[in-house]
Every structure is written in C-alpha cells, then in structure tokens.
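Fit chain B to the known structure of chain A by using the hints.
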Amino acid sequence: MPLLSVEHLTTHLFTDSGVVRAVDGVSFSLDRGEALGIVGESGCGKSMTALSLMRLVPEPPGRIVGGRVLFQLTATGGPVDLLMLSNEQMRKVRGKRLAMIFQEPMTSLNPVFTIGDQIAEAIKLHEGGSRRQVQSRVVDMLSLVGIPTPAQRANDYPHQLSGGMRQRVMIAMALSCRPEILLADEPTTALDVTIQAQILDLLRRLQAEFGMSLVLVTHDLGVVAEVAQRVIVMYAGKIVEQGTVDQIFRQPLHPYTQGLLKAIPPLAKLPPGTRFATIPGTVPDLAHLPRGCAFADRCPKVRENCRENEVPDDPCNVGRLVRCFYASNP
Amino acid sequence: MQCGQARAVLLCIKSVTRDSCIVIRKTLKYSGDFTIHDPRSTIYEHMNDILVNIEDLKKRFPIEGGLLGREVAAVHAVRGVSLSIGRGETLGLVGESGCGKSTLGMLLLRLLEPDSGSIIFDGVDITRMSQRELRPLRRRMQVVFQDPYASLNPRMTVGEIVAEPLLVHRVARREERRERVIELIRLVGLSEDAYGKYPHEFSGGQRQRIGIARAIALTPSIIVADEPVSALDISIRGEILNLLCDLRERFSLAYLFIAHDLKVVEHLSHRIAVMYLGKIAELFPAEGLAAARHPYTQALASAVPLPDPGARRKRMVLAGDVPSQIVPPAGCSFHPRCPYAQEICKNVEPPLEEYQPGFKASCHFIAEMSERTVSHMAPALHDAVRV
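Chain order of the listed sequences is A and B.
Sequential numbering of the first sequence, starting at 1, is according to the working numbering.
Sequential numbering of the second sequence, starting at 1, is according to the working numbering.
If we strip away everything but chain A, and leave its shape as in the complex, we get (with noise of 0.2 Å):
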C-alpha cells in the first residue's frame, strides 16, 4: 500500500481575470522511502500541488476544490485523507509526518530568531522534551545537514549565513521531527551549481539514512535525473507523462516532455552553426484553457481531434500516464 495516494486533487486560484485551474485533476502515489520528481516549466501547478499537499495554499485566491490526499498514518489503520482533517489535526500532521522546504531559503527564514530557536520551535511544538533535550537535539540536526562547528551556528541569525548554508538550515529544521515525507519545492534553484551539488547529495543521503519518502519540486530534469526514482512531468495543471526515471528520460513518449528534454543543451561543445532546440509559443493562460490538449498550440504531432476531445491518461495503452492521443518515440 503506498504511503501517499493522491487522487484527482483540484486547485484553484479564483483571481480577477477567471479561475485560474492550477491544479486540476492530478493523481499519483508516493512509495515509502521513494524519490518522486515532479517537473515542468513556471506556472505547470508543480508548486501548487506541493503546498496542496500540505493544505499550505494561499487561501483566498486559493482553494482545493476537489480530490483527497490519502495517507498512511497509522501502520494498522487505513489512510486518512489530509483534506477532510480540521485545521487543529493537519497542525499535528504538517511539519511532524510531512515536512517541506522552500526554494528563497531567505525568505522562509524568520530574520529576528536564531537559526537556532527556530529549529527548535518545531521540535517544542511537536515531540516537547526539557529545553536542554531540546537544545541537543538542535545541534546533532545541524551537524546532520553538514554544518561546520554547530554550537556555535546555532546562535547566529540568517543573514550570517550564506544561501547554502541557510539552505541547510532549513533542510535540518523540516528533519528535525523526522518525517516519512520531505516535501521540496526547488530546493536548489536559487544556489550555485557547487552548492546545489552538495545539497543534493545531502538529500539524497539524509533520504537513504532516514528512510523516508521525497517529492522533489523543480524546473531542472538534470536535478531530477539525479535524485528521483520516479518522475511526474505537468503542463498547465495537468500531469501529461509519468513513468521511472529511465522511462521519462530514456523513452519520453510525450511530445512535451521530448520538447524539454531536447531544449536542455547537452554537455558537449555542439557544431557551430547548430540552433537550440525549443519549444515554440508560450504556456496557454490558465485562466481561460484552450478545449481539448492545453499543449496543442505547441505540439509538433498535433492533429485536428486533439483540440476537441479531453485527453484521457493512456489512450494509447502504453501501460503509464501519457496524456497523448499520439504518444510515441521521438
């Protein structure tokens, strides 16, 4: 039984110019100790759906209109849907069995509080414990995440640390309650590629160590590629591929993700003369969706019933969500 099914949960953002679908209809399933990516460009519902998760969204314009988070809390009992629990029993949920970090590692930080106190504002809220059980506590997450002489860092503030290391910080105080799912939304966008190495590599170890399952959120598919076991691809609110992670980058078999896939200059000095590959036209407007495939408008293959009829998840049977009425290899 997984850990974590979601189904067909909806979001959506009711803002002057319409109802902005940012979620719309998305289902998956998170193993225990399972790294799931989930990818697509600004505005796909990629972030949204985190915070859904969390019952975390920006309410108003926000709402979750539909759809249920199941989880596992219990190991005897069935799954509990997150989005029928009150306010006061999410609290106990969110931060202790489900935990997420933020992309602007500056902003999700409080300036005036210790990095220190606010580590341990969680651990108080959630497990309790004397202040100096407390204080240890703090400390060993801190030299988890890699941070140099602990003691002493955990009375610094977050301006006296730099973003990786604030990064860390944060990374430490989403563990510090050791929950079965790390929730990371662009965890490494706003780093140094050296600095985003050794964040992953933290992930990817603490999440072994641990045990524990991760939704990693972000525009990279080299990041995804790197960490994730299994990857979700979403396009205005949609999912349109998901598959393993050899799947997705291996047999891409939606034109969408082809197109990604395809834009990311591989590491090698191309010919000169050689063109970028792209993919033409913009993102459609939420708001006002086209009928049929959002994606038709920039599709290569496109064809005149894919801007009629809704996309089911497989239409041509290839045994995994491809949201393509011509799914195929490149």
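These are computed hints drawn from the structure, not numbers from a lab.
Fair warning: this is a prediction, and the values are worked out from it, not measured in the lab.
All residues carry an ideal CB built from backbone N, CA and C; glycine is no exception.
Any given hint could be a false lead.
[Claimed, not checked] If you want the footprint, here are the derived chain A segments under chain B, 3+ residues with CB under 8 Å:
| # | segment |
| --- | --- |
| 1 | 160–169 |
| 2 | 189–197 |
[Unchecked claim] Derived coverage of chain A by chain B (criterion: at least 3 residues anywhere in the stretch with Cβ under 8 Å from a Cβ of chain B; other residues may be distant):
| # | segment |
| --- | --- |
| 3 | 28–36 |
| 4 | 237–251 |
| 5 | 258–265 |
Only chain B this time, still in chain A's reference frame:
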C-alpha cells in the same frame, strides 16, 4: 555560413602555434571562407582586431561603519582582471554568484568606475573619460540584463522603450524613428502590434526580446549580456540564445556573455573565462572545455546535473562555500576548497599563465592536473537539432 571547412583545416593541425594561426586566418580571410567559428580562438588575442582590452582592472566596494561612516572594510569584487575581446567574438564569463562577473561587465561599460587598471575600447582609452566624452562611444556598447521584468519601464510602451536609445543619441528623426523601431521589433521576432503595448502584456521570453531590441537599436559593437536567459524557462531559453546568435552574425557583434551555467556558455562562446573571487582562474577556447585543467573549472563542469539517469556519476563536489570577498584567502584564492591544494597554494598567488596554446590558468600545479575529472562529460545524451 560556410565554416565547416575552416574548422576542419584548423582541427587537422595538431600543434598550432600562434604564427601559424595568423597565417591560416589570413589565408582563410582571403579566400572568403573564414567565419568566426574557428576552433583556435586564441587567434583573437594575437590579432590587431581586439575590440576591448582590459588590463589589471580592480574594483572594491567600501563598507562604511561606525558613527562617522568611516570605511571599515571593503568588498573586493574585481581584483586585477586582464582580458581582451575580439571584434565579433563572444567571450563567456562564468563563475559562482559573488565572483565579480557582473561587476566586471559593468566596469567594462563604465557603468561602474574602476579603482585602477585600464579599459581600451577600440583603441581608445576610456578608463578616465568623462561621461560626456564617453557619450559617443556609448552607442557602441550596450547591455542586456537578467531580469526582463525589472529592466523594462512598466509605464513605457514597447515602442517608447526601443526608441529610447535612438532618442537619447539623436539618431533618427521622428518618422524614421518609428520605422526603425518597428524594424527592430520585427528583427527580434515580435509582431508589429507590440509597438503600442506595455511590457506587462508580454511573457518573460518576449520581454527579453524587447530588451534585446533596445540593446541593438544603435547597432553596437559589443553587448554585455548579463545572465540573459537565467530567468527564463528551459523551453524559451533556446529561442533567446538562437536570437542572440542570429544577431551576432548579422551585425558582427561581440558579446561578453555572463552566466553561471557552463553548458549555455559553452555553446554560445568562442572563448570562456572562469572567474573565482574577483580573478580569472582559467581562460580557454570553448571547444576545449573538456581539456580545461584548472580544478575549479573541472568542479564547475562536474557539478552540472546531467539529464541522464545513468550518469549518476562520481562528481567532484567542492566542500564549503565561496570564501568572503572582504578578506579573500591569501595565496591562491581557491586553495581552501581545492582538493589538490599544497603548502605553496596557501602563500603564493599563482599567475595566470598559458599552459598550452589558447589555455591560460592560474594554478601552481596545472602541469600535473590531468583530465581525470572531466572524462565523464564526453558523451552527449541528446543529439542537438541541426537546422
């Protein structure tokens, strides 16, 4: 463009000396078969057609503190950089945030005042020129910024934004100006009706096109492109890079292409300069990335995550952060993070020296560095689309 032959000829020659480069270049130029895509970009350095030459450029930003606002320390952003950019050449400048690459770009354009050193632009020393004297030269140097949202005035229409440089430099009369602006808008791949619209009506990629139209309005000789695609989605990046390439060919533009992404820089550039803590760590032809030996270059290259799940490789993960620019480490500034650092690295600063034709590095042990860590980079996963 016919460049295959020239490339082939040059690649055949195993050990290219400076002189033979020049000879080859002259021959090719004569036969009309020469394009800027030659594999031995060293040529630019030894030819007379250097467009910009900067020598030992330094810039520090004082930090003031205390009651009297005295200078208590300084951020050493650029600590003695010498570089040259040839006409029509694209020099890629890479490094981590805070290494001084953007500052260097701003210094080159004299948008910041250097503390010392010199900037020669097309044979003219512009280091100490007054803003007034500089004005005619400004037409020939332009800039494209990273953030297409912050770099366009939201209260001006696209037409006004693109016309601004023409207006400032009094280039065209009103009627001509409109025509010129529409031509520019078309040239960067936008439709004519963009003229009367405002920036907020456009996507990030389209806004970057507007910024590029403004930059090429005066047909400059050099554009400093400061992370022009970093803020864009992957599917849009290629379009902007292709546009930059097209414009380069059309106007024989030189670019100082500043980026943190080695992959992007590699494809667009003729030569690449890797910067670390305000200095050039290594300088090499873009074709030679795999052969670049400086440990920092190798670390940067190996840190790029590859879109290939099979390639979960042993990479060279640098320990620690970029050190403080306020008190840069003594000796080689890379030594605290360098896996090969020796005693000498802590005390003696290595000079930037040529270690093979076209490759310069500042490392005491460059001769002993092999291509060990970069060997995994060889096979490209995806074949690039050839148009």
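To see whether the hints hold, each was checked on the structure:
no.: 1; hint: 160–169; in the structure: holds (count 4)
no.: 2; hint: 189–197; in the structure: holds (count 6)
no.: 3; hint: 28–36; in the structure: violated (count 0)
no.: 4; hint: 237–251; in the structure: holds (count 4)
no.: 5; hint: 258–265; in the structure: holds (count 7)
Hint compliance for this structure: hint 3 is the single one not met.
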